[in-house]
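Student: For chain C, the structure is supplied; the task is to place chain E on it using the hints.
Number of protein chains: 2
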Amino acid sequence: MDRLIEKIVEKNNPTVVGLDPNLDFIPESIKRKHFEEDGCTLNAVAKSIFEFNKKIIDAVEDIVPAVKPQMAYYEMFGHHGILAFEKTVKYAQLKGLYVIADGKRNDIGSTMTAYATAFLGKIKISDIAAEVFGTDALTVNGYLGTDCINPLLKTCVEFNKSIFVLVKTSNPSSGELQDRLMGKTSLYEIMGDYCEVWGKETIGEYGYSKVGAVVGATYPEQLTTLRQRLPHTFFLVPGYGAQGGAADSVKGAFDKDGLGAIVNSSRGIMCAYTAQNRPAEDFEECARTEAINMRNALNKAIGRL
Amino acid sequence: MDRLIEKIVEKNNPTVVGLDPNLDFIPESIKRKHFEEDGCTLNAVAKSIFEFNKKIIDAVEDIVPAVKPQMAYYEMFGHHGILAFEKTVKYAQLKGLYVIADGKRNDIGSTMTAYATAFLGKIKISDIAAEVFGTDALTVNGYLGTDCINPLLKTCVEFNKSIFVLVKTSNPSSGELQDRLMGKTSLYEIMGDYCEVWGKETIGEYGYSKVGAVVGATYPEQLTTLRQRLPHTFFLVPGYGAQGGAADSVKGAFDKDGLGAIVNSSRGIMCAYTAQNRPAEDFEECARTEAINMRNALNKAIGRL
Chain C
971 MDRLIEKIVE KNNPTVVGLD PNLDFIPESI KRKHFEEDGC TLNAVAKSIF EFNKKIIDAV
1031 EDIVPAVKPQ MAYYEMFGHH GILAFEKTVK YAQLKGLYVI ADGKRNDIGS TMTAYATAFL
1091 GKIKISDIAA EVFGTDALTV NGYLGTDCIN PLLKTCVEFN KSIFVLVKTS NPSSGELQDR
1151 LMGKTSLYEI MGDYCEVWGK ETIGEYGYSK VGAVVGATYP EQLTTLRQRL PHTFFLVPGY
1211 GAQGGAADSV KGAFDKDGLG AIVNSSRGIM CAYTAQNRPA EDFEECARTE AINMRNALNK
1271 AIGRL
Chain E
971 MDRLIEKIVE KNNPTVVGLD PNLDFIPESI KRKHFEEDGC TLNAVAKSIF EFNKKIIDAV
1031 EDIVPAVKPQ MAYYEMFGHH GILAFEKTVK YAQLKGLYVI ADGKRNDIGS TMTAYATAFL
1091 GKIKISDIAA EVFGTDALTV NGYLGTDCIN PLLKTCVEFN KSIFVLVKTS NPSSGELQDR
1151 LMGKTSLYEI MGDYCEVWGK ETIGEYGYSK VGAVVGATYP EQLTTLRQRL PHTFFLVPGY
1211 GAQGGAADSV KGAFDKDGLG AIVNSSRGIM CAYTAQNRPA EDFEECARTE AINMRNALNK
1271 AIGRL
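Line by line, the protein sequences are chains C and E.
Under this note's numbering, think of the first position of the first sequence as 971, with each following residue one higher.
Under this note's numbering, think of the first position of the second sequence as 971, with each following residue one higher.
Chain C with its partners taken away, still in its complex shape (with noise of 0.2 Å):
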């Protein structure tokens, strides 16, 4: 988690992009160009998807430390979708951003190898190790216990990377489960205990393992709550902005020293010529000037401007 904070530090901004790049969200311009290129096809949809992350990439990349593409909005468009993912990854890590993929993934040991593998890790053919995904950080579930994280630790670990569990979503639905109580703790703090558990071999430099925690922009109450209680668990807080998060909600994420969590906007950035009531083909500008407001506004809720 210290390649994370440190590009959070050195840009004086916790924020994530979230890079969801739904199809009405691309600028007609791009997409018909690569229509009248490719016809009305997966691929054609693939190759918009990129230029329009490009052009976000360019847009924040002196501004933020982080992108986070979110995995079904690159499946959605098949192999072509995963190969726009492949090209978004690189081209991010080129400009010196931290890429979490959000693939909250999960099964058991021998297949969570496989994701393990796929999104932090190498793969064998024969005696070459070739890099596949190569992401920093992967979103997981936990639902299944100890023996579907174990794999991913070891390649933390040997690649140096990290994963975040879901602990407590951002969706209105999110306590239906996970607020229940058993005994006097509910699910969702069970398994933030959980990540502090699997993450204590792994504390970096700034006090934080490679075993960060979703906790949604949403709750802001049950946020405060667990970074108290999860002192060692780095937090990616989703639902800021076009979920309803604003950034005083979001405070009682962090800790004493302004660290301990980053914040995703997608939408709201992503799309931030909408609420800005501008073209679609200035979207890169309105992105540049909501991640702008938006380090701002966060930094000024936790007291470091």
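To be clear, the hints were calculated from the coordinates, so they are not data collected in a lab.
All clues stand as given, with none of them false.
Same chains, same label: a pair holds when it works inside one copy or across any pair of copies.
DSS-like cross-link-like pairs, simulated, lysine-lysine; straight-line CA separation at most 30 Å:
#1 Lys-1094 - Lys-1003
#2 Lys-1025 - Lys-1094
#3 Lys-1003 - Lys-1057
#4 Lys-1270 - Lys-1226
#5 Lys-1003 - Lys-1092
#6 Lys-981 - Lys-1065
#7 Lys-1092 - Lys-1024
#8 Lys-1221 - Lys-977
#9 Lys-1170 - Lys-1124
#10 Lys-1060 - Lys-977
#11 Lys-1060 - Lys-1024
#12 Lys-1065 - Lys-1124
#13 Lys-1092 - Lys-1057
#14 Lys-1094 - Lys-1057
#15 Lys-1092 - Lys-1025
#16 Lys-1060 - Lys-1094
On a predicted model such as this, the values are computed, not experimentally measured, just so you know.
Tutor: Structure of chain E alone, referenced to chain C:
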């Protein structure tokens, strides 16, 4: 779920063959051919996987009703692997098999819509609606609650597809969270009860809804209790064979008509040549023998033979 059950009845076999093509499982002769053509590349690996899958499908297509490709083993080879997955799905469906994508996907509503589109629905590009993966069912993780499941239900109804929600998984640590009591009810029972609720508007001819449950073969008692508790929920039962479950341990998953569940075997069938002490090149014949043995063992255990 009716489409799956009809195929089970027609073949008189409640077995699904897991297609988890780990590189180590594939005979050298297949890999060598593709490595000589394309070098030690992810592309060559993906071609090897597809050839292996095709031969397994050819060996068992008249015996089994369904196959279950595990997404991790395709993602492990990047977009080349996803192309091999797409080709495997199409080939299996051409042979009349029902295809369950084992992805254990989960996310907030808007993102789940993207996963539903990718696996079960169609994507609209301008005025064209294109199928992406086109699988018949998808495994999902319900940790996020109802608003994560709703977009899937909508797609299942529109395109006559199904989902299987993780309830009690087959791995050793599954009890860490899933067996914990909330009041008098365990987390996996609560998740199971949600499957009944989520499925209740989609009950088909055989009495089962479009919302199935994943329940591991390695916990026979819980399997039996859940069968009673969830009368409208069809079970996908992993953990048979390589993970330790036997025919007797899964019989509790079936209803009085011998329906209600489909049992998965992946390594047990793909790598049947190892258990039969035969060379890897004989994998097709060994897979066929094991598929027949498994069918007979299951039918004997549930009293249909």
